[in-house]
Amino acid sequence: MKKWLTVLPVAALLFTGLIAHAEEKPKVIRYGSVGNAFGKPYAAGTDGVVDVQALLVNEFRNDGVRIERTYYTATGPGLNEAFAAGLLDFGDYGDLPIVVGKAGGLKTKYILPTNKGSNIYIIATPQSKISSVKDLKGKKIAVTKGTYLHLTLNRVLEANGLTEKDVKLVNLSTSDAQNAIAAGSVDAFAGLPDRPLVDQGLAKLIYDTRKDPQKWRGRSGLLVSEDFARKYPEFTKRVVKAKIKAAHWASQEKNREALIQLALKTGSGYKVTKEDFAGQDLTAKYSPLADQSTVNQYKEIVDFAFSRGLIRKKFDVDTWIDKSFAEAALKELGLQNYWTPLSKE
Amino acid sequence: MSKSLLKRFEWKDKLLAFIVPLLVLVAWQSAVSLQLFSEMILVPPLTVMNTLVDLARTGDLTNNIISSLKRVLSGFLLGASTGFFLGLLMGLSSLLDRFVGPLIKACKQVPQFALMPLIILWFGIDEVSKVVFISIGAFFPMVFNTYQGVSGVPKKYRELARVFNYKSFRYLTKVILPGALPSIITGVRHSLGLSWMFVVGAELFGSESGVGYMMVWARQLFQIDIVMAGLFVIGIIGFTMNIILQIIEKRVLRWRVSFDGRMA
Numbered sequence: 001m002k003k004w005l006t007v008l009p010v011a012a013l014l015f016t017g018l019i020a021h022a023e024e025k026p027k028v029i030r031y032g033s034v035g036n037a038f039g040k041p042y043a044a045g046t047d048g049v050v051d052v053q054a055l056l057v058n059e060f061r062n063d064g065v066r067i068e069r070t071y072y073t074a075t076g077p078g079l080n081e082a083f084a085a086g087l088l089d090f091g092d093y094g095d096l097p098i099v100v101g102k103a104g105g106l107k108t109k110y111i112l113p114t115n116k117g118s119n120i121y122i123i124a125t126p127q128s129k130i131s132s133v134k135d136l137k138g139k140k141i142a143v144t145k146g147t148y149l150h151l152t153l154n155r156v157l158e159a160n161g162l163t164e165k166d167v168k169l170v171n172l173s174t175s176d177a178q179n180a181i182a183a184g185s186v187d188a189f190a191g192l193p194d195r196p197l198v199d200q201g202l203a204k205l206i207y208d209t210r211k212d213p214q215k216w217r218g219r220s221g222l223l224v225s226e227d228f229a230r231k232y233p234e235f236t237k238r239v240v241k242a243k244i245k246a247a248h249w250a251s252q253e254k255n256r257e258a259l260i261q262l263a264l265k266t267g268s269g270y271k272v273t274k275e276d277f278a279g280q281d282l283t284a285k286y287s288p289l290a291d292q293s294t295v296n297q298y299k300e301i302v303d304f305a306f307s308r309g310l311i312r313k314k315f316d317v318d319t320w321i322d323k324s325f326a327e328a329a330l331k332e333l334g335l336q337n338y339w340t341p342l343s344k345e
Numbered sequence: 001m002s003k004s005l006l007k008r009f010e011w012k013d014k015l016l017a018f019i020v021p022l023l024v025l026v027a028w029q030s031a032v033s034l035q036l037f038s039e040m041i042l043v044p045p046l047t048v049m050n051t052l053v054d055l056a057r058t059g060d061l062t063n064n065i066i067s068s069l070k071r072v073l074s075g076f077l078l079g080a081s082t083g084f085f086l087g088l089l090m091g092l093s094s095l096l097d098r099f100v101g102p103l104i105k106a107c108k109q110v111p112q113f114a115l116m117p118l119i120i121l122w123f124g125i126d127e128v129s130k131v132v133f134i135s136i137g138a139f140f141p142m143v144f145n146t147y148q149g150v151s152g153v154p155k156k157y158r159e160l161a162r163v164f165n166y167k168s169f170r171y172l173t174k175v176i177l178p179g180a181l182p183s184i185i186t187g188v189r190h191s192l193g194l195s196w197m198f199v200v201g202a203e204l205f206g207s208e209s210g211v212g213y214m215m216v217w218a219r220q221l222f223q224i225d226i227v228m229a230g231l232f233v234i235g236i237i238g239f240t241m242n243i244i245l246q247i248i249e250k251r252v253l254r255w256r257v258s259f260d261g262r263m264a
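Residue numbers (the working numbering), protein chains in the order written: chain A, 1 to 345; chain B, 1 to 264.
Misleading hints may appear alongside valid ones.
Cross-link-like lysine to any residue pairs, in silico, SDA-like; alpha carbons within 25 Å at most [to be verified]: (1) Lys-140(A) with Val-200(B); (2) Lys-70(B) with Leu-169(A); (3) Lys-165(A) with Ser-209(B); (4) Lys-314(A) with Ala-103(A); (5) Lys-129(A) with Phe-123(B); (6) Lys-165(A) with Lys-105(B).
Hints were generated in silico from the structure; no laboratory data involved.
My request is simple: use the sequences and hints to build the entire structure.
Written as structure tokens, this is what we have:
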């Protein structure tokens with residue numbers, strides 16, 4: 001009898017624990033991506049793979065957890081606002097906006113690099129004498145400021161002995177910039193791979209970052225709200241796991257053409273997308289490792305944003321980047337050694 | 001009604017006008033204090049005030065206000081003057097009214113923001129396109145109010161002018177314009193008000209200065225306090241413009257007895 005009396009409270013505790021554990025799951029996981037600049041609500045890259053292969057939905061099918069996917073047409077700033085309003089648990093977006101959001105006080109963790117190789121393309125009006133980046137001195141360049149395009153343009157200018165002060169930047173969205181180039185009211189435009197104006201002879205391509213070092217290119221990363229990560233660490237790891245599965249698929253050379261086809265869903269043209277992917281090392285582009293190179297890159301972005309007045313205060317990148325979820329997921333998937341960490345750059 | 005009683009009512013009106021903003025301020029601060037919204041998206045009133053002071057101290061606010069006001073003035077002058085002359089001509093000529101009237105009414109239905117890509121294509125991305133955009137906003141209230149005022153001049157005045165054999169200029173300045181003035185001034189008020197609203201829209205596109213630009217850029221940089229400070233500035237300037245125009249209206253239309261029975 002005495003034995004039962006000792007076992008009962010333990011059993012009760014275990015039962016309560018089980019209930020508590022069962023309750024520790026979200027009803028819904030709210031996941032946001034950038035509404036595509038090419039006009040259709042699809043994502044390219046690993047978010048696209050996650051959607052097409054239903055990786056998130058399948059991961060949580062048996063848990064009864066609903067996946068709520070949103071594409072924010074207001075791009076990075078829209079995702080920052082959604083995090084601030086408590087409307088998002090996860091968001092995958094570009095390097096500069098996520099830094100701007102964190103510096104602005106968003107309670108987020110950076111848990112996974114999702115793309116390390118977004119190119120920019122600089123086009124100019126056909127009648128202009130601009131044929132290289134150096135010729136941009138004193139010219140009017142359209143760019144969507146506050147995005148990775150703005151940051152990468154700065155890197156390209158600096159590599160050619162120019163700074164932002166040597167040119168006149170005009171803040172325009174992709175579609176407005178195309179109108180401005182067509183009307184000849186700006187001299188050049190630093191934008192995305194899709195360049196219908198070049199195909200129509202209304203602009204000429206003068207530079208792109210395809211042959212530049214990987215570190216110059218735009219990056220994106222997966223953020224989780226601190227609140228969600230604290231309440232649901234296991235679910236956070238499983239979201240990361242789904243994304244790593246997608247990164248693994250996207251990193252394989254045999255899937256290159258399928259990856260291009262996936263990008264077309266965003267409304268981008270086949271020719272330019274194929275050209276954009278040509279020569280890109282997919283394993284390096286989609287490596288989910290928050291290696292030293294990644295950490296250094298984000299430190300550089302924080303410095304850049306601060307020096308340009310894009311953020312009012314710096315923050316500690318080392319504590320913001322949380323590798324624990326990715327490390328656990330990689331281990332579960334047996335992919336710890338699939339990607340090579342980069343220590344430099 | 002005695003004059004002193006009337007004055008007391010006016011004071012009551014003025015006091016009432018402060019109550020709603022005060023209540024909004026209280027509700028705003030309460031929502032922040034009760035943490036109904038994150039402070040990042042609903043910035044406390046005091047923080048917005050501090051941001052305003054900071055922006056004013058660095059000179060950013062003044063420069064942006066001046067840029068916006070310059071655009072508003074140019075766009076307003078262009079749009080309102082075009083609207084005034086067209087409205088006048090339509091009011092005087094029923095033939096022109098029948099030709100142009102339906103087209104203008106149809107154009108008014110087009111959301112002006114939908115025109116922006118075309119405006120960029122036609123006028124570029126510099127000041128001209130912004131002024132044109134604002135002028136479109138200023139044009140419509142002016143054309144319709146002027147037309148209404150001119151066509152509403154009582155027939156007996158027109159006939160009297162004809163009896164006295166008034167020449168065109170005299171007919172216009174002594175009969176038509178004074179008769180249409182109340183409606184024209186209403187047009188000016190609406191036109192200027194819309195110009196001020198449109199400047200924010202105009203500055204969304206490739207601008208490097210202005211209150212609208214300041215707000216859009218702050219949104220991109222997740223500095224919501226600046227966005228809210230910008231809203232405050234827009235409201236205050238719009239309100240001030242309206243007050244100034246009301247004073248002018250009262251002075252110009254001193255002779256008119258307004259609809260509520262009070263002397264204007």
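Tested hints:
no.: 1; hint: Lys-140(A) with Val-200(B); result: holds, 22 Å
no.: 2; hint: Lys-70(B) with Leu-169(A); result: holds, 22 Å
no.: 3; hint: Lys-165(A) with Ser-209(B); result: holds, 16 Å
no.: 4; hint: Lys-314(A) with Ala-103(A); result: holds, 6 Å
no.: 5; hint: Lys-129(A) with Phe-123(B); result: holds, 22 Å
no.: 6; hint: Lys-165(A) with Lys-105(B); result: violated, 46 Å
Figure legend: structure checked against the earlier numbered hints; the only hint not met is number 6.
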